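Q: Put chains B, C and D on the given structure of chain A with help from the hints.
The chain contents come next:
There are 4 protein chains.
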Amino acid sequence: MQEFSKFPTKTGRRSLSRSISQSSTDSYSSAASYTDSSDDEVSPREKQQTNSKGNSNFCVKNIKQAEFGRREIEIAEQDMSALISLRKRAQGEKPLAGAKIVGCTHITAQTAVLIETLCALGAQCRWSACNIYSTQNEVAAALAEVGVAVFAWKGESEDDFWWCIDRCVNMDTWQPNMILDDGGDLTHWVYKKYPNVFKKIRGIVEESVTGVHRLYQLSKAGKLCVPAMNVNDSVTKQKFDNLYCCRESILDGLKRTTDVMFGGKQVVVCGYGEVGKGCCAALKALGGIVYITEIDPICALQACMDGFRVVKLNEVIRQMDVVITCTGNKNVVTREHLDRMKNSCIVCNMGHSNTEIDVASLRTPELTWERVRSQVDHVIWPDGKRVVLLAEGRLLNLSCSTVPTFVLSITATTQALALIELYNAPEGRYKQDVYLLPKKMDEYVASLHLPSFDAHLTELTDDQAKYLGLNKNGPFKPNYYRY
Amino acid sequence: MQEFSKFPTKTGRRSLSRSISQSSTDSYSSAASYTDSSDDEVSPREKQQTNSKGNSNFCVKNIKQAEFGRREIEIAEQDMSALISLRKRAQGEKPLAGAKIVGCTHITAQTAVLIETLCALGAQCRWSACNIYSTQNEVAAALAEVGVAVFAWKGESEDDFWWCIDRCVNMDTWQPNMILDDGGDLTHWVYKKYPNVFKKIRGIVEESVTGVHRLYQLSKAGKLCVPAMNVNDSVTKQKFDNLYCCRESILDGLKRTTDVMFGGKQVVVCGYGEVGKGCCAALKALGGIVYITEIDPICALQACMDGFRVVKLNEVIRQMDVVITCTGNKNVVTREHLDRMKNSCIVCNMGHSNTEIDVASLRTPELTWERVRSQVDHVIWPDGKRVVLLAEGRLLNLSCSTVPTFVLSITATTQALALIELYNAPEGRYKQDVYLLPKKMDEYVASLHLPSFDAHLTELTDDQAKYLGLNKNGPFKPNYYRY
Amino acid sequence: MQEFSKFPTKTGRRSLSRSISQSSTDSYSSAASYTDSSDDEVSPREKQQTNSKGNSNFCVKNIKQAEFGRREIEIAEQDMSALISLRKRAQGEKPLAGAKIVGCTHITAQTAVLIETLCALGAQCRWSACNIYSTQNEVAAALAEVGVAVFAWKGESEDDFWWCIDRCVNMDTWQPNMILDDGGDLTHWVYKKYPNVFKKIRGIVEESVTGVHRLYQLSKAGKLCVPAMNVNDSVTKQKFDNLYCCRESILDGLKRTTDVMFGGKQVVVCGYGEVGKGCCAALKALGGIVYITEIDPICALQACMDGFRVVKLNEVIRQMDVVITCTGNKNVVTREHLDRMKNSCIVCNMGHSNTEIDVASLRTPELTWERVRSQVDHVIWPDGKRVVLLAEGRLLNLSCSTVPTFVLSITATTQALALIELYNAPEGRYKQDVYLLPKKMDEYVASLHLPSFDAHLTELTDDQAKYLGLNKNGPFKPNYYRY
Amino acid sequence: MQEFSKFPTKTGRRSLSRSISQSSTDSYSSAASYTDSSDDEVSPREKQQTNSKGNSNFCVKNIKQAEFGRREIEIAEQDMSALISLRKRAQGEKPLAGAKIVGCTHITAQTAVLIETLCALGAQCRWSACNIYSTQNEVAAALAEVGVAVFAWKGESEDDFWWCIDRCVNMDTWQPNMILDDGGDLTHWVYKKYPNVFKKIRGIVEESVTGVHRLYQLSKAGKLCVPAMNVNDSVTKQKFDNLYCCRESILDGLKRTTDVMFGGKQVVVCGYGEVGKGCCAALKALGGIVYITEIDPICALQACMDGFRVVKLNEVIRQMDVVITCTGNKNVVTREHLDRMKNSCIVCNMGHSNTEIDVASLRTPELTWERVRSQVDHVIWPDGKRVVLLAEGRLLNLSCSTVPTFVLSITATTQALALIELYNAPEGRYKQDVYLLPKKMDEYVASLHLPSFDAHLTELTDDQAKYLGLNKNGPFKPNYYRY
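Protein chains in written order, with this note's numbering: chain A, 13 to 495; chain B, 13 to 495; chain C, 13 to 495; chain D, 13 to 495.
Hint data in this document are derived by calculation from the structure and do not stem from the laboratory.
The structure presented is a predicted model; accordingly, all values stated were derived computationally and were not measured.
Incorrect hints may have been included.
Copies of one chain are not kept apart here, so a pair can be met inside one copy or by any two copies together.
[Claimed, not checked] No more than 30 Å apart at the CA atoms, straight line, and that leaves these computed lysine-lysine pairs for DSBU-like:
1. Lys59 with Lys112
2. Lys342 with Lys489
3. Lys232 with Lys489
4. Lys484 with Lys342
5. Lys204 with Lys489
6. Lys76 with Lys397
7. Lys443 with Lys324
8. Lys324 with Lys451
9. Lys489 with Lys451
10. Lys204 with Lys354
11. Lys478 with Lys342
12. Lys112 with Lys65
13. Lys354 with Lys211
14. Lys451 with Lys232
15. Lys212 with Lys324
16. Lys478 with Lys324
17. Lys205 with Lys354
18. Lys296 with Lys100
19. Lys451 with Lys212
20. Lys443 with Lys489
Just chain A, with the same shape it has in the complex (with noise of 0.2 Å):
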């Protein structure tokens, strides 16, 4: 199994940000303070406790938080009406039925109605979580107490993270079909302690970055030994993602932290793909003066047509207000420019991981750190220049900002489809390969999604169809189109 060998430490890893998609259990987020509540200190593991109907086939913190948890649920389903409609929709089919999903992701009200639709859609679901903080445990509770086999709560140990997705798999009596995956943990798990497993499993779904990638050098090194489908790389995911949510969070992160005044200010943003667009668009929006940095000639033009400066960041660095990362790279934001910031420029990293930002570098002895607010330091040089870094430079729109349900609806919404798709193919349809979502599915999805902006499709007359060359029901473009 040495694909895996090349993880991250174990600790590490959960640490990673994977998908923009499940961040909405950080600290800032509605239910949060609800969660901080001081329950009693005795693990999980060694309570006995059962739902109102004597089941206790679940590990949560505390089942009498059901009720609370269920409103949260119910509050969610409101901005998730895809997964509603597609409730209705599969009623008399149930295409999920005999599916056997073994699942691991956060644990949150959005995942809560997923996992719903899932069992609405016929399935049976044994969930633990991919994350050790990100639970919310009166989600988890409201699921057990329905009669969901979850295993997961906030503040897991490293120990408590392997039992609980060993607790999900592991059973004598109840072998899973399915796997539906957020980091490829569970997968990585299975892999080693259950091969035997994989003989029953009709697909995995994985929605993160990091495991998309496991899942492709597994194929790659022909051990991959059932169909995959990426959900991360799909058009309507990708957009809501990156370029929708970052025009958002962009603006929400900086002012929940800073407070910070958009006018006028001068802002450079590292990378001009789809999440640097999102935050360009958002700063001019709100009378920013953003400029620009790339390395890719491409996206460089595009900023240009798109009315911004392309600049080295040495060039423009002494005059910024805010500094931005969305570049995926490391070390972008080096400590020669911290060096030339000047006093009370902001810096903060919206792009894919923690090393964008050369934080490290601001660990010295001369340098004071200042913690002035949640997720906001003053680092402060001897001459008194403060520069203002925000969450320790890691993802700021998922430290200091909150991701719309809607977004996650889009997500939820594919990996359903996913679960669907793959575990009703035809025999050959999918090898052991990884796949994409069918375009067409893509487009079902967001299809979905439309009612929610009372969005009025036009179809295609028969004669349109045929001179276009397409089916009336789609798909609509080739693979490459570029959107």
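A: Chains B, C and D in isolation, oriented as in the chain A frame:
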């Protein structure tokens, strides 16, 4: 003193929102967490406190918080460089030498920067709070520590409130010659209790809508006995308090309370004045689809040209995702409108009072109120429909977002210049009337804030000034210029 | 009559741009091609022409063009529904019954709609042209055909110009009682030649900057002997002539002359008044990177908050692709600036006169001028550098773009209402002074244009009107309101 | 050669719009006036002409126009610095030494810059026109003057057209080894008449949609006998031809034809692909209120998130001021829609063919057509309603606006690099198939255009390149990247 008899009841009055410029003290502000700490319950009036120099000429919650308050003030100074530069420019001349200023404003880090600027310009100050809830205790302590006679704490009673004001005015050894007021309470108290004080007063500077209104009434009634400066209506302050500030705070307020995604949301904004213009620009920029209601055909025409549909509220109310009032009017959103809203519709107010949404009409037995978060109520109809009401219809930007220090800097600088102008004006320049800040000083306030943006003004040549018939140093526009 | 002695020389004066609102007759306009047709060379003054009813009380180029002119007028009527609705509303009352209006304006299809509206409201009209080049001959013919006494043609001589005006005023059988002027020439002529006419005149309506300036001078000198209405400064007209119109015409003017791509272009706009704001908004929206120069700190601060860098011209001149003046000032772009521009830099003027760019400084032997297209000169430096000068520094929007009929409708409606107001005002309402259109009528102009946008105004309830202290029918804002 | 039997009739075919990139020759373009000059009526084929060096190996309208044509080429060079820099970079190596290129494209100043660049890189060229109307005669003359064997003039007959192509290919002394085609006619002719020529051909570069389509058909049918490069679908060219170019040309086309004011106009854009996105962005930016129709749910969702209402055409058709098609589909606007439009509604097409609006349905007796201006028809209903039809439903941006030289520079540079790549590719890199330009060369095209914007690319450090797993010189993105 019949003018004052029209005042709302005192408690009600002081819970009115006055000006946006002094709103940084709500529960979301940076320092909020600190002042929430549970101090002992002894009234400050009963405590004996002295600062480190043995001075006890103040009354604050806890003098020991001074150091922390000092840091808050220092952070505020970073975004108030206009006042700092005013200190520097006036270093030699001390334009307020001899001035004895009695003030009644919100007491926040930003006000502290103002007060300390006034002192640096030569003035002596005594200060109380214009709002019983808005005092940052640690800031008051920091002021007391450096010798300012401050009488204020968070959570004053009605009686405390007037006691504090009285302690500022009623001194044998110290007679004020200038008044800086925010809301008119201080002015009212002096009129009522110590009319003789006006003999020495050179002028009143008032920044709130309410206070200015009262002054005009006094003037109209022939009872204004000193010159007064209306700083509320200076161009610079108005643009920042309304257009620019609301452009940012509407997003912030909605996001912090509801985590709503803006993209694709259908929003109706009632009123297309400066506040409405700011809200619309921001929401449109982030992908909202915005409709306007207006009573004034000129503003309506502007809305059209700016790309918004102008509608009557009842024409669109059924399909809206968000309803925002910015009219200054009352009952703009009625129970009938609320009845017709769709599930999950968000309703909030950005106008100048809490009357715009008929919240009272929602206090009926068939509707259930559910507090889902601070400042967020779900009002639930019998059929399960939920309307999301923010801040119970009070000002969203005061209740649920913060005001950037830069905006407060504009106001504070305007106040400082108004005090200097009135104090130094030659006999006869100002009569017993209400004046606007001279345009030249309004321009000066603006110019003091340009360095923050690294903006470089162009100077007229002699020849050009002559051609335009202007003084090279301004004023540059006629009074009626619309900006 | 010394006020008039300050006038520029007559020929020069009439080549001044007056108001944007009457500029549709330049060489790019729709009808231009028609009037360019080579008519015979006999002066209209020497021709004997009669219309189809035998009337010969006019002097136009060619009465036979009437039918074609009528079609132009009908097309214009489609975008001037405000005037059409004014005709309808006033059908019974004829508010201008008895009015004898002598007018001197550009004579275009749009003016014709105005003139025919005045007639429909009961007035008799005699009309001449305020510009020797701007008359649409076919429109003049169409007016003559329906009996309007019009004296104007394209390409009048200086002598023709005054002859035409004189033919309007100098009648034994017809004494005017109202004047509608654009530029002040008609008013000047009456003052100079027929001062007695003023005894019957109830008022002057003047729409140009120049003409209004003269009226204020007369008033100041105590020589204004009738009331005058300044329609140039009405809110609605101002916004359309400047902000909204320039937002569109800057793009149009640049594109028609140079086919320049806007995306990524670096542009400096000198002046951030209404014209500058319009230009900047459009250029930024299409991907331009815009810099501002300003002398007024308040406008400069607005530019900052709107997301523009405020610079001095010489700081950025080397890197600019386009330079646009909107100041109303002179020598804003000097030879020194022009020397430092880069190759292919485009220079043009959107301000109110042709003095902003020091074009004269380019008429030196070492520079070569090359006319590459109508209104486009390449000025070539000895090293081969070319600067692209548009319209020789005259107004770009007058010379190289058209003005939408809708904008002209605003002006024409304002003029019509001003005439009605002055003609019907009770004795004493207006003295021998210059007045702005009452705000209520300004609002009425706006309201007449709302149906074009299918915009629906909201009406105040009695209760709301009382709360706001407003009349339900307006005016809705104080005079100083800034919109 | 049955693939070619599906071709439209020849005349029809060549009036098809192919690619936007070669559209600068319509009647609005800068040089149009010059080529309209009435030359003598003798066919160029019958003239004996020699250039100043005695060379007569060409056939153009009038060799004497060479000097004027040269100036046009020089002006074009100013905006095509990418090609100029290509000339410089390749100075030593001459990457096209030995290349004998036969070309068939529009012959314009911009193409001339391309042809002369190919020559500068070492190639010999023979050239004909791909469109019987689009040749700029003076440019052809200038090319002939410097020795390019060009056979083209404006207003060729069908017979002339093929004669010119034949003269390029059918030479005893000169055998082409590269083909540059635009539309496929040249390729078709060689296939049909001189199939043996393909033995020496190293590759075909084709830029039009139509020509590319034919090549794919040939390839599918196994009849493509040389490698072909599809430059139409390169990222950079696509973005400029569609999104960026249409963002500008929609405004230009509407303004030049109708002088319409954009502010407040209600517009429906059919299709939200790249062209639609460009149109919508521009119109919204200038104050239009834009609605979208879409068949593809993903594009529809993008429209929602970008702030547009997604509707069916018949839901909004009654209230629209402007209707724009950008679908590539047929009969998107039907007679039924046209019947329901309001008076003065403007209808135009920005999509890729003239079928989107059912113009044929308007050719019925009860409707009157009135040509009011070049490219503008009023179609008049019996009740007087007028619909304003632009360019008779053909492409607005080809017929009524110009294409910036910069956009053409992108295309020309892409063509040049494709020729270099194919000509120099080692044996076996390209087979008898159709290829996209390698991403690295696409990036190179982009990079050559960055200096125009003074844009500065950031270079990866070795360490960063390793971290990202990228070559420091690109390509920087995977092939499926969506930009």
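Q: Which hint numbers does the structure go against, in order from smallest to largest?
A: 5, 7, 10, 13, 15, 17 and 18
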